[in-house]
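K.L.:
Sequence:
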Amino acid sequence: MTYFTSLKNETGINTLDSNPCNLLDFQLVNLNDGQTVQDNSADREILAVILGGKATITAGSTTFEKIGSRPNVFSGKPTSVYIPANMDYTLKGVGNVQIALCSAPSDLATDPYLISPDQIVAGRWGAANFSRNFHQILTQDGQPDLSARRLIVGETFTPSGNWSTYPAHKHEKDEGSEVFHEEMYFFKVSPDNGFGIARHYGEGYEDNHTVRDNTILMMPHGYHTYAGAPGFSSYYLWILAGEHRVQGVSADPDTGWVNNTVPMLRNLGH
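To convert, count from 1 in the sequence shown and add 1; that's my numbering.
Please note: incorrect hints may appear among the correct ones.
As the list claims (entries may be wrong) - Once the Cα atoms are required to be at most 25 angstroms apart in a straight line, the calculated DMTMM-like pairs of lysine to aspartate or glutamate come out as:
1) K78 - E176
2) K93 - D119
3) K78 - E204
4) K9 - D193
5) K67 - D89
6) K93 - E11
7) K78 - D112
8) K67 - D112
9) K55 - E11
10) K174 - D193
11) K78 - D214
12) K9 - D34
13) K78 - E66
14) K67 - D142
15) K174 - D112
16) K55 - D193
17) K174 - D255
18) K9 - D208
19) K174 - D26
20) K93 - D142
21) K93 - D214
To be verified - Label-pair ranges, simulated between beta-carbon atoms:
22) D142 - G77: 20 to 26 angstroms
23) G162 - A110: 45 to 51 angstroms
24) D142 - V95: 30 to 36 angstroms
25) T16 - T211: 21 to 27 angstroms
26) G257 - G13: 40 to 46 angstroms
27) F196 - G270: 25 to 31 angstroms
28) N87 - W258: 19 to 25 angstroms
29) D18 - N73: 20 to 26 angstroms
30) V122 - N73: 46 to 52 angstroms
Hints in this document: simulated from the structure, not taken from any laboratory. Even glycine gets a Cβ: it sits at the ideal position worked out from N, Cα and C.
Using the sequences and the hints, build the whole thing.
P.N.:
Here it is, written out as structure tokens:
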């Protein structure tokens with residue numbers, strides 16, 4: 002089974018050529034000034050995350066005019082729109098814009114809403130050479146007023162040469178403190194000719210894949226971790242879906258002890 006693929010970066014809607022996940026789906030939309038795409042969300046909820054540029058997004062009878070405040074993912078906090086199930090929507094470019102459409106099955110009846118940059122919860126995970134910064138876009142943790150049926154979405158920024166999602170963890174079953182969620186990582190690298198290495202593994206399988214700009218890792222199960230090459234900054238949009246919106250993970254028992262060093266390393270200024 003294929004867990005890694007690269008999305009095309011053409012004008013219009015770019016879709017996955019394969020998808021091992023049962024719940025999650027992902028599309029990458031590139032629009033020029035004035036260009037539009039129209040669709041209906043059917044039985045899925047969608048979070049439209051503006052990766053860079055500006056757009057006007059209409060969902061049902063609600064229009065969010067000329068939204069988006071960053072030129073690319075490495076230059077600020079995102080603007081997003083939640084589109085409920087069974088709703089017509091239109092995306093229109095205001096200048097050139099790139100939008101990620103993250104979706105999962107939903108029966109939640111609610112109004113569409115905007116998530117502005119000032120609603121984003123930002124912080125830092127890890128320490129030393131496995132530290133990384135994050136943006137929580139649509140989560141229960143710190144954002145309990147944002148309603149969704151399944152989707153959990155955020156961003157991680159990995160500095161040059163650092164490890165990320167380390168120690169590796171999994172969330173493939175409801176057992177103990179672990180909560181089942183499928184997950185996808187959509188990667189960007191700066192400069193865009195850079196790379197990193199992602200490791201995805203579990204019982205009976207292991208993939209170590211060269212990550213480049215627009216790589217996507219699709220994880221219905223398994224441990225996962227990532228390392229960025231020195232000289233390049235890395236980004237990934239993380240998208241989860243399951244039966245619960247409270248997250249719970251199990252760390253790889255071979256490396257999980259590294260988490261215990263974080264308070265000490267931070268006290269030392271790392």
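K.L.:
Run every hint past the structure and note whether it holds.
P.N.:
Evaluated hints:
no. : hint                            : result
1   : K78 - E176                      : violated (34 angstroms)
2   : K93 - D119                      : holds (23 angstroms)
3   : K78 - E204                      : violated (37 angstroms)
4   : K9 - D193                       : holds (14 angstroms)
5   : K67 - D89                       : holds (19 angstroms)
6   : K93 - E11                       : holds (16 angstroms)
7   : K78 - D112                      : holds (23 angstroms)
8   : K67 - D112                      : holds (19 angstroms)
9   : K55 - E11                       : holds (18 angstroms)
10  : K174 - D193                     : violated (35 angstroms)
11  : K78 - D214                      : holds (19 angstroms)
12  : K9 - D34                        : holds (20 angstroms)
13  : K78 - E66                       : holds (18 angstroms)
14  : K67 - D142                      : violated (28 angstroms)
15  : K174 - D112                     : violated (31 angstroms)
16  : K55 - D193                      : holds (21 angstroms)
17  : K174 - D255                     : holds (19 angstroms)
18  : K9 - D208                       : holds (22 angstroms)
19  : K174 - D26                      : holds (20 angstroms)
20  : K93 - D142                      : violated (31 angstroms)
21  : K93 - D214                      : holds (24 angstroms)
22  : D142 - G77: 20 to 26 angstroms  : holds (21 angstroms)
23  : G162 - A110: 45 to 51 angstroms : holds (46 angstroms)
24  : D142 - V95: 30 to 36 angstroms  : holds (32 angstroms)
25  : T16 - T211: 21 to 27 angstroms  : holds (22 angstroms)
26  : G257 - G13: 40 to 46 angstroms  : holds (43 angstroms)
27  : F196 - G270: 25 to 31 angstroms : holds (29 angstroms)
28  : N87 - W258: 19 to 25 angstroms  : violated (47 angstroms)
29  : D18 - N73: 20 to 26 angstroms   : holds (24 angstroms)
30  : V122 - N73: 46 to 52 angstroms  : violated (21 angstroms)
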